[in-house]
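Work out the full structure: start from the sequences and follow the hints.
Keeping their order, the protein sequence lines are chains Z and X.
Mapping of the first sequence onto this note's numbering: residues 4 to 503, in sequence order.
Mapping of the second sequence onto this note's numbering: residues 2 to 146, in sequence order.
It should be emphasised that the hints constitute simulated quantities derived from the structure, not laboratory data.
Please note: incorrect hints may appear among the correct ones.
Result set (DSSO-like, lysine-lysine): computed pairs, CA atoms no more than 27 angstroms apart in a straight line [said to hold, decoys possible]:
id, chain 1, residue 1, chain 2, residue 2
1, X, Lys56, Z, Lys160
2, Z, Lys160, X, Lys113
3, X, Lys56, Z, Lys109
4, Z, Lys38, X, Lys56
Derived DEER-like restraints, expressed as beta-carbon distance ranges [to be verified]:
id, chain 1, residue 1, chain 2, residue 2, range
5, X, Val17, Z, Phe310, 52 to 60 angstroms
6, X, Thr4, Z, Ser72, 53 to 61 angstroms
7, X, Val17, Z, Gly63, 37 to 45 angstroms
8, Z, Lys160, X, Val84, 25 to 33 angstroms
9, X, Ala11, Z, Asp292, 51 to 59 angstroms
10, X, Val95, Z, Asp113, 31 to 39 angstroms
11, X, Phe71, Z, Lys460, 54 to 62 angstroms
12, X, Leu66, Z, Ser11, 29 to 37 angstroms
Being a predicted model, the structure only gives us computed values, none of them experimental.
Glycine included, every Cβ here is placed at the ideal spot set by N, Cα and C.
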Amino acid sequence: MNIDSIISDLIFIKPEIAIAATLVLIVLVDLISPKSKTALPYISLLGIAIAGVFVVQQFGTAEFAFKTSLSSGMFAADDFGSFFKIIVLLASVFVIFFSISSSEIKSVNDHLGEYYTLMFGMILGMFFMVSASDLVLIFISIELLSLSSYVLAGFVKNTVRSSEASLKYVIYGGVSSGIMLFGISLIYGLTGTTNLYEINSIIQIQSFPHITFLIATLFITVGLGFKISAAPFHFWTPDVYEGAPLPITAYLSVASKAAGFAVLIRFIKITFINSIDHHGNWELLNIIDWRSIIVLLSILSMTLGNFTALWQDNLKRMLAYSSIAQAGYMLLGIAVLSDQGLTATMIYFIVYLFMNLGAFFVVMLIANEIGSEDIEDYKGLGKTMPFLGVTLAFFLLSLAGIPPTAGFIGKVVLFIALVDANMIAVAVIALLNTVVSLYYYVRVLKNLYLVQVDEEKPVIKLSFANGFVIILLAAPILIFGVYFTPIVNFAKNSINILGF
Amino acid sequence: MLTEFGKVFAFILTAVMFVLIAVFAAKLIRPARPTKEKLTTYECGENPEGSPWVKFNIRFYVVALIFLIFDVEVVMLIPWALVYQDSGMLGFLVGAIFLILLGLGMAYEWRKGDLEWARPKITPLVLTKTEPPEEKQEKELNLGE
Numbered sequence: 004m005n006i007d008s009i010i011s012d013l014i015f016i017k018p019e020i021a022i023a024a025t026l027v028l029i030v031l032v033d034l035i036s037p038k039s040k041t042a043l044p045y046i047s048l049l050g051i052a053i054a055g056v057f058v059v060q061q062f063g064t065a066e067f068a069f070k071t072s073l074s075s076g077m078f079a080a081d082d083f084g085s086f087f088k089i090i091v092l093l094a095s096v097f098v099i100f101f102s103i104s105s106s107e108i109k110s111v112n113d114h115l116g117e118y119y120t121l122m123f124g125m126i127l128g129m130f131f132m133v134s135a136s137d138l139v140l141i142f143i144s145i146e147l148l149s150l151s152s153y154v155l156a157g158f159v160k161n162t163v164r165s166s167e168a169s170l171k172y173v174i175y176g177g178v179s180s181g182i183m184l185f186g187i188s189l190i191y192g193l194t195g196t197t198n199l200y201e202i203n204s205i206i207q208i209q210s211f212p213h214i215t216f217l218i219a220t221l222f223i224t225v226g227l228g229f230k231i232s233a234a235p236f237h238f239w240t241p242d243v244y245e246g247a248p249l250p251i252t253a254y255l256s257v258a259s260k261a262a263g264f265a266v267l268i269r270f271i272k273i274t275f276i277n278s279i280d281h282h283g284n285w286e287l288l289n290i291i292d293w294r295s296i297i298v299l300l301s302i303l304s305m306t307l308g309n310f311t312a313l314w315q316d317n318l319k320r321m322l323a324y325s326s327i328a329q330a331g332y333m334l335l336g337i338a339v340l341s342d343q344g345l346t347a348t349m350i351y352f353i354v355y356l357f358m359n360l361g362a363f364f365v366v367m368l369i370a371n372e373i374g375s376e377d378i379e380d381y382k383g384l385g386k387t388m389p390f391l392g393v394t395l396a397f398f399l400l401s402l403a404g405i406p407p408t409a410g411f412i413g414k415v416v417l418f419i420a421l422v423d424a425n426m427i428a429v430a431v432i433a434l435l436n437t438v439v440s441l442y443y444y445v446r447v448l449k450n451l452y453l454v455q456v457d458e459e460k461p462v463i464k465l466s467f468a469n470g471f472v473i474i475l476l477a478a479p480i481l482i483f484g485v486y487f488t489p490i491v492n493f494a495k496n497s498i499n500i501l502g503f
Numbered sequence: 002m003l004t005e006f007g008k009v010f011a012f013i014l015t016a017v018m019f020v021l022i023a024v025f026a027a028k029l030i031r032p033a034r035p036t037k038e039k040l041t042t043y044e045c046g047e048n049p050e051g052s053p054w055v056k057f058n059i060r061f062y063v064v065a066l067i068f069l070i071f072d073v074e075v076v077m078l079i080p081w082a083l084v085y086q087d088s089g090m091l092g093f094l095v096g097a098i099f100l101i102l103l104g105l106g107m108a109y110e111w112r113k114g115d116l117e118w119a120r121p122k123i124t125p126l127v128l129t130k131t132e133p134p135e136e137k138q139e140k141e142l143n144l145g146e
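Below you can see the structure in the form of structure tokens.
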């Protein structure tokens, strides 16, 4: 690998370069004119738009960048990566809109330059994560994402719970990435390489001490499970989600989770694949029983997330547990170990992006006014703020999976994939979990509409821009709930992982 | 026959043994006649003043960080300086971008006032339990509560 080949491979990482350049630009603008902070979000949006154009251009390429040998490289530019980059970019656009109107972010207006810089640090980390095909690059990009998000989680310095969230996140994150690095070092010790494709070709012909390999892989799964907040690695999630400023909570629950899923899927598929039959079923090497591991993680996440969410009084905390449960549903799609299951997970991700961000945005707008996220304080608010109430209800029902919302479509596609793979028992458990989750989502609606309150409730004025953002989030859920062919086709066309 | 890691291990072992053997050999050979004067901390011939375990300015930490960044920069630039001519202008640009990014970091420190020893005003951090926007001023709590 000489310097000329590195430079000629730069055309494959154009989106990443655009993001990095925007990061530098934001720092520069912040340094040159420290007084004017209003331009920063628009510069960020511009950078994201340019990166978005490059990502869309990249659809259809399947090339290795930074090659280590003829058939493997550090970075895989493929449709699968581009799909998750689109998810990350969409989430970033919405989160920047959230940040503009968040009262928490306004309270740290002096450090707005750092806020957007760190956010672009997160985006850069996630971009490299979703395309990385080398364990070292995976680890470095996860660290880049984590370090930026630790700071952002505690960005509102003058509140106790924000600082607490940041500290807890650092401690849990540090431990889990340490464990993951240990797993990577074990794999390197066994196979002598960190490249996923090379590991695959080595373990196909050589046999290794089974227990060492199992431990090494499980350790890596711990690090990735932490990022997607799957039980039993979820302990940081409720505290961090509750304490972090709301735009960051929304961002962590969508973008960072999407990147974690992308890495997990790529890791499992590339490293352990033996062959793929013409139905798209993955035949994995007989080393580790991935299906059992993922089904176990998924059932634990769903059940724990849903049943703990029943007892939450803080809406942010409830949404945190709900996002653990949603991660459980999405893991089911991976557990199928087929292209159909992968498509189902990706469809679910598109839907999850809109409904979860929407729910967090409405909660944020209400918290801006009433200064609380307690479900008790929502009593009677449905009458004083009809638009916010109706949209919140809509997002929550979509999270629960009620037709005609897109959440229903996401769940249906997932369950069809499960039934096709003859995993009926798991599908039944997932269905029962959906019923449980309905209770806590509807409990919010009950407080919004059905409880009579005597005291005067504040009337929430909604700016035109915020209303427009809500409609931007709600419209896709309604449209895809009825006319879902586009997202199904989009997901089906982007499941190509490089090398298959 | 040594494996690749075996060679590294032998190297590490040699390094560790070198120090240990030197320390113990010195202990065996040297005369040991301590006096009170000899055992005090060396402070340029003065009598030591108080314990060295005192609080010192957090700003030293920032300076140490900046030093570390530029230290790493030198380590990175030496191999680059040896080979960049082989790749012509591109090779030069790669190093230049690296230097510009580090310079930007330096400019950031400078502009944000982290290089000035006496900062004009330090507003103490006030922690609040929750953040209702209207009541923020009334509900200030200290860390101790």
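Earlier hints that do not hold, by number: Per hint list: 3, 4, 6, 7, 8 and 9 violated.
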